[in-house]
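Protein chains: 2
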Amino acid sequence: MDRPVVQVSKAGGERADAARNRAHLLDTARALMAEHGATKVTMDGLAASSGLGKGTVFRRFGSRAGIFRALLEDEETKLQQAVLSGPPPLGPGAAPLERLIAYGAARVDFLFDNYEIARAALDGGQSAPMGAQTPLSRIHIRMLLDLIKPPVSDRGVLATQLTAALDGPALLLLHVDDFADAKNDQVRAKFVQGWSDLVGLVCRHTSTGHG
Amino acid sequence: MDRPVVQVSKAGGERADAARNRAHLLDTARALMAEHGATKVTMDGLAASSGLGKGTVFRRFGSRAGIFRALLEDEETKLQQAVLSGPPPLGPGAAPLERLIAYGAARVDFLFDNYEIARAALDGGQSAPMGAQTPLSRIHIRMLLDLIKPPVSDRGVLATQLTAALDGPALLLLHVDDFADAKNDQVRAKFVQGWSDLVGLVCRHTSTGHG
DNA sequence: ACCGTAAACGGACTTTACCCCGCTAATATT
DNA sequence: AATATTAGCGGGGTAAAGTCCGTTTACGGT
Numbered sequence: 000m001d002r003p004v005v006q007v008s009k010a011g012g013e014r015a016d017a018a019r020n021r022a023h024l025l026d027t028a029r030a031l032m033a034e035h036g037a038t039k040v041t042m043d044g045l046a047a048s049s050g051l052g053k054g055t056v057f058r059r060f061g062s063r064a065g066i067f068r069a070l071l072e073d074e075e076t077k078l079q080q081a082v083l084s085g086p087p088p089l090g091p092g093a094a095p096l097e098r099l100i101a102y103g104a105a106r107v108d109f110l111f112d113n114y115e116i117a118r119a120a121l122d123g124g125q126s127a128p129m130g131a132q133t134p135l136s137r138i139h140i141r142m143l144l145d146l147i148k149p150p151v152s153d154r155g156v157l158a159t160q161l162t163a164a165l166d167g168p169a170l171l172l173l174h175v176d177d178f179a180d181a182k183n184d185q186v187r188a189k190f191v192q193g194w195s196d197l198v199g200l201v202c203r204h205t206s207t208g209h210g
Numbered sequence: 000m001d002r003p004v005v006q007v008s009k010a011g012g013e014r015a016d017a018a019r020n021r022a023h024l025l026d027t028a029r030a031l032m033a034e035h036g037a038t039k040v041t042m043d044g045l046a047a048s049s050g051l052g053k054g055t056v057f058r059r060f061g062s063r064a065g066i067f068r069a070l071l072e073d074e075e076t077k078l079q080q081a082v083l084s085g086p087p088p089l090g091p092g093a094a095p096l097e098r099l100i101a102y103g104a105a106r107v108d109f110l111f112d113n114y115e116i117a118r119a120a121l122d123g124g125q126s127a128p129m130g131a132q133t134p135l136s137r138i139h140i141r142m143l144l145d146l147i148k149p150p151v152s153d154r155g156v157l158a159t160q161l162t163a164a165l166d167g168p169a170l171l172l173l174h175v176d177d178f179a180d181a182k183n184d185q186v187r188a189k190f191v192q193g194w195s196d197l198v199g200l201v202c203r204h205t206s207t208g209h210g
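Line by line, the protein sequences give chains U and H. Counting along the first sequence from 1, when you hit position 75 you're at 74 in numbering that gives the first Met the number 0, and nothing is skipped either side. Counting along the second sequence from 1, when you hit position 31 you're at 30 in numbering that gives the first Met the number 0, and nothing is skipped either side.
These are computed hints drawn from the structure, not numbers from a lab. Just so you know, not all the hints are guaranteed correct.
[Claimed, not checked] Subject to a maximum C-alpha distance of 20 angstroms in a straight line, what follows is the list of computed EDC-like cross-link-like pairs (lysine to aspartate or glutamate): (1) H:K39 <-> H:D153; (2) H:K39 <-> U:D145; (3) U:K189 <-> H:D177; (4) H:K148 <-> H:D26; (5) H:K189 <-> U:D145; (6) U:K182 <-> U:D122; (7) H:K77 <-> H:D122; (8) H:K189 <-> U:D184; (9) U:K182 <-> H:D153; (10) U:K39 <-> H:D26; (11) H:K39 <-> H:D26; (12) U:K77 <-> U:D145; (13) U:K189 <-> H:E115; (14) H:K182 <-> U:D153; (15) H:K182 <-> H:D122.
Remember, it's a predicted structure, so these values are computed and weren't measured experimentally.
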């Protein structure tokens, strides 16, 4: 039993063959991406490579962006597990602010590891382009803020703003070459530290020094 | 003399006919959007409606998203003027924190007023999907943070995170129906207040903090 | 005014996302 | 086990994005 605690996909009432095809398509998509990059993953190409029909691809994922959203949710499951039942400070057991800081670090790593997928996932969306309507990040941050109780008029709004502060840089502000191998680690580290500074200030935690 | 202080487009070395066509295309695009909504603005349609060739449309704007980026930059010029030379607290003259709070309010209004354009603008971008590589928001926030000197290890990172906290909700987290006429004003107000709370906390100097 | 050049124009062409609907096969019912 | 039901499958069709290249036109030099 390793089904995620929060149902991320509509995998629930799916027929057996449909589920099998979904998994196979995701694998094929990952392979195509690894080989040629995200921009070269086309619907026809994916259908052909997987040996399935184009209609099937669209039924499963709705749109091109939907494939990348599914891919992202799939990767996100690992992070989700670590957050919900892994060891502290990311998982339960640590103080809320520690968990918040740890979550930021984990999320930055996640986004940098998967930035190509993440950016491809926000193409074209009519409605909310981000993963789910209330992403994992926002829910978790909200929960921790409810424990920390920072002095703001609306904790839900703060959760949304912090989610954006965490995801926004990688998703819409950074250049592609900020993800280039050379700069990658330094940029990551800067944003991890920055997140720590930011939530430290918001949660009135000033004892940790910085250089 | 109403040329923007910061050159937002490559309007500089453009031939006269090119500049004329650019302006005409933007007007036509605005008209099409007002009539049928952003999703119905097609490159063929825009070319036909403007009486120009499709090649021209692509040469001018590079891609579909490019049209919306140009439209957004055009609108943003007004905000830019108010920030650079308008009356305080948005313009120069007020205390930095006041200006920062006022900027947030103005930016939220701008994004809510132009959210359809703004979302259409972030389609498909290979590189940084947002307007310019270093958007107005980030530059201005960075400048104000340099005056306020909040106790963080990297002010550039904080500027990026606050820019994301300001733009992210409207661009990637809110549902479309949060922009529906009924909820619109309340949601705006919540985010304006939230921004004020957020930067208030970030910029509050503590006794132990450094200058 | 004329001319040469470089930029801009236009629209046919290619590629690709997305739709449709007749066909197939997995599950529910008896 | 046979049948009815319903979801899933497949691939051809449409429309819209993006490319190319021959033609036209602005503009600086003479």
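These are the hints, each one checked on the structure:
1. H:K39 <-> H:D153: 43 angstroms, violated
2. H:K39 <-> U:D145: 42 angstroms, violated
3. U:K189 <-> H:D177: Answer violated: K189 of chain U to D177 of chain H is near 33 angstroms, above 20 angstroms.
4. H:K148 <-> H:D26: Not satisfied, since the Cα-Cα distance of roughly 42 angstroms exceeds 20 angstroms.
5. H:K189 <-> U:D145: Measuring from Cα to Cα gives roughly 18 angstroms; hence the hint holds.
6. U:K182 <-> U:D122: With a Cα-Cα distance of about 26 angstroms, the restraint between K182 of chain U and D122 of chain U is violated, given a limit of 20 angstroms.
7. H:K77 <-> H:D122: 24 angstroms, violated
8. H:K189 <-> U:D184: 36 angstroms, violated
9. U:K182 <-> H:D153: 16 angstroms, holds
10. U:K39 <-> H:D26: 34 angstroms, violated
11. H:K39 <-> H:D26: With Cα atoms ~15 angstroms apart, K39 of chain H and D26 of chain H stay inside 20 angstroms; holds.
12. U:K77 <-> U:D145: 24 angstroms, violated
13. U:K189 <-> H:E115: 32 angstroms, violated
14. H:K182 <-> U:D153: 16 angstroms, holds
15. H:K182 <-> H:D122: Status violated; Cα separation ~26 angstroms.
When the structure is compared with the earlier hints, violations turn up for hints 1, 2, 3, 4, 6, 7, 8, 10, 12, 13, 15 and for no others.
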